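For what it's worth, this note's numbering labels the leading residue of the sequence shown as 1, then goes sequentially.
Some hints here could point you the wrong way.
Pairwise CB distance ranges (calculated) [stated by the list, open to error]:
| # | residue 1 | residue 2 | range |
| --- | --- | --- | --- |
| 1 | Gly102 | Pro71 | 16 to 22 Å |
| 2 | Ile65 | Leu127 | 32 to 38 Å |
| 3 | Thr116 | Ile77 | 26 to 32 Å |
| 4 | Val76 | Leu127 | 20 to 26 Å |
| 5 | Pro71 | Gly140 | 35 to 41 Å |
Calculated pairs, DSSO-like style, for lysine-lysine (alpha carbon to alpha carbon, straight line, at most 30 Å) [said to hold, decoys possible]:
| # | residue 1 | residue 2 |
| --- | --- | --- |
| 6 | Lys139 | Lys125 |
| 7 | Lys87 | Lys69 |
| 8 | Lys125 | Lys38 |
| 9 | Lys108 | Lys87 |
| 10 | Lys87 | Lys38 |
| 11 | Lys125 | Lys108 |
| 12 | Lys115 | Lys38 |
| 13 | Lys72 | Lys87 |
| 14 | Lys115 | Lys139 |
| 15 | Lys125 | Lys72 |
| 16 | Lys110 | Lys139 |
| 17 | Lys110 | Lys125 |
| 18 | Lys125 | Lys69 |
| 19 | Lys125 | Lys115 |
| 20 | Lys87 | Lys139 |
| 21 | Lys38 | Lys139 |
| 22 | Lys108 | Lys139 |
Hint data in this document are derived by calculation from the structure and do not stem from the laboratory. Source: prediction; values computed, not measured. Each residue gets a CB set at the ideal place from its N, CA and C atoms; glycine is no exception.
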Amino acid sequence: MPRLKFFPLTFLAFCLFTSAAWAKPALTPSEAPTRFFKALEAMDFAEAWDSLTAQSQAQFVETVIATEKDPKLTPVIVRQLFESNDKTLQMGFWASFRYHLGVSDWLKQKFELDKTLSSDESRVKALPSRLILVVKNEKGDWKFGFTETFAPAKQGSPSEKKEKP
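Based on the provided sequences and hints, a complete structural model is requested.
Take a look at the structure:
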């Protein structure tokens, strides 16, 4: 009988200490875009959302708010819809995004590290298209910078950078 009491505790300890082995391995920079495009292809929109940088996620939230023009939609609400993998976003935003992006063409690309800018940011080259994609390491996981790649923030023009008298 004492062995039966010991077994659940042993099993619990095993699960707690080996769960790290079951966790998703840290991605390399060149795997980040692949993860995103494969998730879109599989219509795994929760994984697609998770594979985006925080900046890209914020831009997606802003895009939905601007498109819907519903005063009830706040950034907090829309972010919760994305994070919960809401069905309306799946059928609306994600379906349209997936269609217009041409996922199958992206999956024909090979992604390789082009340049490491820092421990948290790299550039990945898509071949044969030769496009350079932005990837960032956020909390130990490489994420695809969709917005940073295709709609980078505009830098101030030289006339705006003049020093104040």
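Hints, one by one, checked against the model:
1. Gly102 / Pro71: 16 to 22 Å: Given a distance of about 33 Å, which is not inside 16 to 22 Å, the answer is violated.
2. Ile65 / Leu127: 32 to 38 Å: At roughly 35 Å between Cβ atoms, leucine 127 and isoleucine 65 fall inside 32 to 38 Å, so the hint holds.
3. Thr116 / Ile77: 26 to 32 Å: The hinted range 26 to 32 Å is violated for threonine 116 and isoleucine 77, with Cβ atoms some 37 Å apart.
4. Val76 / Leu127: 20 to 26 Å: violated, 39 Å
5. Pro71 / Gly140: 35 to 41 Å: Holds, since proline 71 and glycine 140 (Cβ atoms, about 38 Å apart) stay within the stated range.
6. Lys139 / Lys125: holds, 23 Å
7. Lys87 / Lys69: The given pair, whose Cα atoms are some 19 Å apart, holds under the 30 Å limit.
8. Lys125 / Lys38: holds, 17 Å
9. Lys108 / Lys87: Distance of about 28 Å is within 30 Å: holds.
10. Lys87 / Lys38: holds, 19 Å
11. Lys125 / Lys108: Within the cut-off at roughly 13 Å; holds.
12. Lys115 / Lys38: Roughly 23 Å between the alpha carbons, so the hint for lysine 115 and lysine 38 holds.
13. Lys72 / Lys87: holds, 18 Å
14. Lys115 / Lys139: holds, 20 Å
15. Lys125 / Lys72: Roughly 40 Å separates the two Cα atoms, so the pair is violated.
16. Lys110 / Lys139: holds, 25 Å
17. Lys110 / Lys125: holds, 8 Å
18. Lys125 / Lys69: violated, 36 Å
19. Lys125 / Lys115: Holds, at roughly 9 Å.
20. Lys87 / Lys139: The hint holds at about 28 Å.
21. Lys38 / Lys139: holds, 22 Å
22. Lys108 / Lys139: holds, 29 Å
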